[in-house]
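2 protein chains.
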Amino acid sequence: MKRDVFFISDRTGITAENLGASLLTQFPNIQFNRTNIPFVTNEKAAQAAVLAIRQSKKNGVEPIVFSTLTDMATQTIIKGSCAHVFDLFGTFVEPLEEALGTESSHKAGRMHGIGDTNAYDKRVHALNFTLGHDDGLSLRNLNDADIVLIGVSRCGKTPTCLYLAMQYSLKAANYPLIQDDLVGSTLPKSLDSCRGKLYGLTIEAEQLSRIRKERRPTGEYSTLSRCQWEIARAEKLFIEEQIPFIDTTTVSIEEMAAIARRDMKLR
Amino acid sequence: MKRDVFFISDRTGITAENLGASLLTQFPNIQFNRTNIPFVTNEKAAQAAVLAIRQSKKNGVEPIVFSTLTDMATQTIIKGSCAHVFDLFGTFVEPLEEALGTESSHKAGRMHGIGDTNAYDKRVHALNFTLGHDDGLSLRNLNDADIVLIGVSRCGKTPTCLYLAMQYSLKAANYPLIQDDLVGSTLPKSLDSCRGKLYGLTIEAEQLSRIRKERRPTGEYSTLSRCQWEIARAEKLFIEEQIPFIDTTTVSIEEMAAIARRDMKLR
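Going down the list, the protein sequences come from chains A and B. With the working numbering, the residue at position 118 of the first sequence is 441, and numbering never jumps. With the working numbering, the residue at position 45 of the second sequence is 368, and numbering never jumps.
Careful: at least some of the hints might be erroneous.
It does not matter which identical chain is used: a pair holds within one copy or between any two.
[What the hints assert, rightly or not] Derived lysine-lysine pairs resembling BS3-like cross-links, with alpha carbons at most 30 Å apart:
no., residue 1, residue 2
1, Lys380, Lys588
2, Lys381, Lys588
3, Lys445, Lys325
4, Lys367, Lys402
5, Lys402, Lys588
6, Lys367, Lys588
7, Lys588, Lys325
8, Lys380, Lys325
9, Lys380, Lys367
10, Lys367, Lys520
Just so you know, these hints were derived from the structure itself, not from any lab.
Same shape as in the complex, but just chain A:
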């Protein structure tokens, strides 16, 4: 039987889900049935969450509850609902008060709050720039980019760019290496203006072929031999031109973005 797990938060629940999910991977032999209850911002919402938890108890097994609630009143209600409430937030408030030598404000955290308008604007600007410079769509203002990802078609450039913009507010352009670039083994002239911002992505040929076949099942584009040739030429280009690059084959979108950001020393 699957063990019920609840993620309870006063905002989106993303942090509770991420940290909770990571903790649960430590128990690979147990199957979990997850429920996310976000926006528990008042006592009424907390009582509704308690109802769901109590309902789960009727299965005879005590559920697991991860909470990132910052408000003490709602957290107290949730704590009373179940023997296994993990308070991912409150656990650290008191020791942090001691470390900082001051009392906390006990206000609801603003984990993903809109914060200041400037930060919001910067993020949306980054997303718009990224959308406008996807797949070599526009080469205008390429030197305004914070980073320019290059690589063969379908190696993961677009999702990585979008994540860089969404998470880190970076203007991330991307440029696909096409036949002409690969045959000549030289960088396209249009990339001259952003030479120091280039970051390469590569991928294993088998995976690339599989991904391309989903898009175009027939034709040379998705054959293994074609993928092998393109990847070999692209990697040769990266090495000759001293462009840093990573293999995306077993790496998540979040990780590609974080690695690229670290390698390019972007803050």
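Start from chain A and add chain B according to the hints.
Just chain B now, with coordinates in the frame of chain A:
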């Protein structure tokens, strides 16, 4: 003087940064200087992080360290570096072992690991669908969408769609309400096929005008009166057509996505 804070993790550091940042908002009177050290996957990387922490100590104030390290050897190294190490992960492993009645695997967590290929493919499909159905770009296969956001130009549809796709692997289309839709106060025929998937966004006129002015400083498009008229018509349409909607004015992209997902009962 700003207090130094380090976020240390064996993956991207996003969870450490999110939870740590939320905890720090409890101390609004202190200014923090944040450093993210991701991918601490071995003892050498841990030693490098310790060096950075020791360097900070030279300022005379003990820094704060948030860690989501899952490996005990590296975590032990970090713990020895500073008096204020907050172990966001390990703190919960033992109580969780007790709650689940079994030992943990003590393996590195896969917080953002690529996981299974299916989940990765689903996510990239969702992103591609979302990119292809941005701003009413394509009305083909609109009934394949999981959700269709509608609203006036520049009210936040595109970032919200991208986040829905990135975080929740949802196929999120969006459709801008234009002059013809707003004058007639009727839904465009092309949305008939996805009637039950419509979700409205609205925004305060002042903010919309400010956002539009950045794009087009002059002309009617960005005037306050134009924005007021468009928003009033759009909200009237949402109410008459019984389309659920939210005001995005003070809401972050993450929150808009989480609220829309909850309201539309999408999992």
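Q.
Hint by hint, where does the structure go against what was stated? Just the numbers, ascending.
A. none
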